[in-house]
Amino acid sequence: MMKTVVELQKNIKNITLGGNAEARERHTSKNKLLVRDRIDRLLDPNTPFLEFSQLAGYQLYGDDEVPAAGIVTGIGQIQGRECVIIANDATVKGGSYYPITVKKQLRAQEIGRENRLPCIYLVDSGGANLPRQADVFPDKEHFGRTFYNEATMSSMGIPQIAVVLGSCTAGGAYVPAMADQSIIVRRQGTIFLAGPPLVKAATGEVVSAEDLGGGDLHCRQSGVTDYYAMDDAHALHLTRRIVANLNYAKPQQVVMKPSVDPLYSADELYGIVGDNLKRVFDVREVIARIVDGSEFDEFKKLYGETLVTGFAHIHGYPVGILGNNGVLFSESALKGAHFIQLCSQLKIPLLFLQNITGFMVGRDAEAGGIAKNGAKLVNAVACAQVPKITVIIG
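Counting from 1, one number per residue, gives the positions in the sequence shown under UniProt numbering.
If you're looking for bench data, these hints aren't it; they were derived computationally from the structure.
Careful, some of the hints might be misleading.
Claimed, not checked - Below 25 Å or equal to it, Euclidean Cα-Cα: the simulated DSS-like pairs (lysine-lysine) are:
(1) Lys257 <-> Lys388
(2) Lys93 <-> Lys30
(3) Lys301 <-> Lys376
(4) Lys140 <-> Lys13
(5) Lys347 <-> Lys301
(6) Lys32 <-> Lys140
(7) Lys250 <-> Lys388
(8) Lys250 <-> Lys300
(9) Lys30 <-> Lys10
(10) Lys372 <-> Lys301
(11) Lys140 <-> Lys200
(12) Lys140 <-> Lys10
(13) Lys250 <-> Lys372
(14) Lys32 <-> Lys3
(15) Lys376 <-> Lys388
(16) Lys301 <-> Lys200
(17) Lys250 <-> Lys347
(18) Lys257 <-> Lys347
(19) Lys93 <-> Lys103
(20) Lys3 <-> Lys13
(21) Lys278 <-> Lys347
(22) Lys278 <-> Lys257
(23) Lys32 <-> Lys93
(24) Lys200 <-> Lys300
(25) Lys376 <-> Lys3
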């Protein structure tokens, strides 16, 4: 398992570099911070950044490499508030949107909406990747959905803040235009529906990018942007001040407990789970190494034993845990449905430890109503109005 983990960490390290050395040098020569340095400056000191979808785009387009899908997303703490951050990486194909970039951004917005977290957009993108625009624009879950999400979250009272640190072209111009508050960097950020070449082709007008959609125009004349920054560092400072003034708190319905470490080291998980998917292990051994104090109050322990269910705390948060210990029989499915409905009623988040090949098959299973009982489990998961986290462990 450690060999696999080392290989994964190596791939992630390469991905976090972003574009190639030439692209990074070109980016920093314009007095612009790299995308991960921007995020570091934005976050509260010594606080973690929970990154989403690090491997998105990995080897997806053959030789056309798109590290991290050209966009960095995740949850970080700003002025003591948890926020979703969506930041274009201009060193990767100019920050242009591939189909996977769109999917990754929409996923980050979905997490922001479901958890009612303010969304911070660090914009530095040349717009859609034109050779692949047929898979970027037209469908319901394509690029236009970004603006729908932005509008609906704003209407729900979830703050939307855009920071224009570079290009913001064509449809992408609606990101700052639809934000609740927006910042633009002097002589660096630009916002326009059509760039200078297209303007010249369409109207014959010759105009520079700065005169067409720079910071002076949008802060002094159009009013599209609200704050005028002198450079990246200033823009990120202004962003922190905006977050500090939001008067917004994430709703919380759980009763917290003081966090304590598990009794057993999490490093032992490498020996328990392993990379041999055929090797059987008791999911309780995993649970004991991730929950506070290794305390787990098991629910229906003697019934439907191929599904382990019970209550615990992780970092002080109450959780309901469902862990597979073999294929699902009717009893296991009914037990899982009951437990999920109970957690939903109690407003307790759900953690699924997934290690399963599926439901039991055969005449006896069908006669026992496995299809109907399995459907009850699916129904319970779909209808549970609590946070759900799945960890695939096999």
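Exercise for the section: Tell me, in ascending order, the numbers of any earlier hints that this structure violates. Expected result: 4, 6, 8, 9, 11, 12, 13, 14, 16, 21, 22, 24, 25
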